[in-house]
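**Student:** For reference, the chains in residue letters:
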Amino acid sequence: MSATQSGMVRPAAISADGWGWRHAGRAQAAVQGLDLRIEPGERVLLLGPSGAGKSTLLHALAGVLGDEEDDSDETGSLLIDGVAPREHLGCAGLMQQDPETQVVLSRVGDDVAFGAENLAVPRDEIWSRVHEALDDVGLRTAAGGGLALDHPTAALSGGQKQRLALAGILAMQPGLILLDEPTANLDPAGVLEVRDAVGRCLDKTGATLVVVEHRVSVWKDLVDRIVVLQPGSAAPGTGGSGTGGVLLDGPPDQVLSEARTMLMSAGVWVPGYVPATRERRNEPHTAQLLLAAQDLAVSREKPRRKGFKTIPPVPVQTGISAQVRAGQALTITGPNGAGKSTFALTLAGLLAPVDGKVSAAVDLSKGAGIDPYKWKAEQLISRIGTVFQEPEHQFVTGNVMDELMFGPKHLGHGEDRVDELLERLRLTHLVDANPYTLSGGEKRRLSVATVLAAHPKVLVLDEPTFGQDANTWAELASFLSELLDAGTAVVSVTHDQEFSAVLGGTELRLGPVQQGEATHQEAGAA
Amino acid sequence: MRDALNIRGNHALLTKANPLVKFVSVFLISLVLALSIDWVSASTALLAELALFPLAGLTLRLLWQRAWPLIIAAAFGGWSTAIVAADSGAVLLDVGLWSISEGSLELGLGFMLRGLAIALPAILLMTCTDPTDLADALAQKAKLPHRFVLGSLAAMRLVGLMAEEWQTIGMARRARGVGSQGSPFQRLKATLGQSFGLLVQAVRRASRLAVTMEARGFGGGQRTWARESTYSMLDVWVVLGGLVIAAAAVLTAVGAGTWSFVWR
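Quick mapping for you: the protein sequence lines, in order, are chains A and B.
The numbering of the first sequence is my numbering, which starts it at 119 and goes up by one.
The numbering of the second sequence is my numbering, which starts it at 15 and goes up by one.
Mixed in with the good hints there might be a few duds.
As the list claims (entries may be wrong) - Below, a sample of chain B positions facing chain A; criterion: calculated Cβ distance under 8 Å: (1) THR146; (2) GLY193; (3) VAL214; (4) ALA229; (5) GLY231.
Hints are computed from structural coordinates only; laboratory data are not their basis.
Positions of the beta carbon are idealized from the N, C-alpha and C atoms, including for glycine.
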């Protein structure tokens, strides 16, 4: 059966001639004057600073960019095998960043079949393609989950969802596979899962690959060419030649050695490069205890009402004890599903414990009571600040300045600190911008700044470095190390070992939870 | 939310029937019950529906868990009708303005039973029907436009996500100092803000999902279906069952002399 797919895929060639694109409603082009040839079967890693139009190029190749009625603007030509991508349905498959939106239907088999159905593939052939694709991405081996065709897609992990999306793409048998930061939202295990699945499928089908990703080490050995784009019109007042287009192009090792410094300064994670960060200075021996968790059982679910009865949720993790001390870092690690974020949110007074208790010391509570979950919102923010994984969830106003002033205004003090934070986190030039329009790194810096504007003694961060470029990473790590030295306690949920090394302090490792074990323990205790 | 829409683990007989046929049967029963306000036709249908529970894999416990607000609403509706409706026959209870007579009690009881009898088939249908199968049937058998059917199906998957997102946004906003305490006005403001945040996320998710679907060739003219929606002998029985229940409801009511059209 394995012969069918590899025999059917015809690797695609890409040719861009002076191609450019301006999005509707934007004054400046996202891409301009791009000349690029990619031969059938080539595997290309696309790099470049944010604003270089990498995603725009991928979307254009996938044929999902703009409509006729849009007032967007296309110049030059961009062709796949000599045909415009939009007129060539199914010649390219695209995977995007957010795993949740890469799944279309609620059953594994249906989701893989979706693309093939749309291309009007005959029924019998669809199912043979579905089986083959699921095998190829490794979702049917025991290690990959051994998924049945009617397995619910909602129950998959992030890495599994991305591999499912890859299977859906493979079932269309495209000659070109486009990956737009496919692993930015995944933990290290998920990253490797997806990368290896992509590698296997390419070896088998010989399809052309274009991948955008700023973690070079992940893809370096899989690609045979790196193309570095330069920003189209990010530099103000330009528009002529010399902007946009390809900056560097060649085999991975050559490009990486030629452009190492340039890529590093653009925030690209070049292999073997750990950005310089500020070192921790003083780690006090006897730091004040601020917050303690005692034998905690945590869950995101609220107690459920079943008719007249109230049933407590099944905890995702039990028996957690930890102490948070002034000027000390606490890093929470562990595999997916171990309840790391849930524990952090419970510790931060945002979720009610299922069992056990979180207690604030007098130094932290300052008269607000012992249980952070019972504090009012204003009481909470000046004591414990929480930075969520997705910055957009925390935006409450329409521009950066209001966003920063929001906490201090409600508290009635701390406005003077805002300017310092703006300066320190390089947001000064953005004060009038809408938070939702910022880049990923800017959003992350803003979300940290807004929480710190309320001057909390404890700072809780959920995967603060996920998907961040090296520059934002270094800034964030240095800034937090400074805060720690100044006496703030920092609790972070992270997979990032280099990041926790910068912060120092203690590590709390949450183990995997076997299905049913939590309830088992509970029954034993009762 | 996601669990409620999932029928995995339910292997009852009616899960195998064609969703479109089940839908037609449910529609038949509801239509007949909507015509009259008497208690005989309603209780006949209700009894028949209760008998169908095992066939759909529904239990009284499950029913209460899923539909308790509906059941309570029906009871309240019946009670208030009994109190408010014009009296006829012997007065059973009289507390000043409110009085319950034999006639108004009958009307109230009829109202409550009818509400339940109309709601139950829909709950039965939901219990034994997977949304994906329903979409297959609607697009292939009822020939509804596939863009619309599949678009709705994909959007429904996002609804479950939105429920989780609502909770996360609520926490994220509390961490910014937006509390749900304070005066009713402040609370309303906080809820509106949270709704706006959810709306923004919903729109973003939806547009990313739309790109995913488009990139997989969705929206073209011709499409095939990986799974054919089929009819079987069981479906004949389902339609017959629906007809029998509807007819029994009418006949018993006419026989008992209680049948009365709503518009009379």
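**Student:** If any of the earlier hints don't hold here, list their numbers in rising order.
**Tutor:** Going through the list in order, the structure violates no hint and respects every one.
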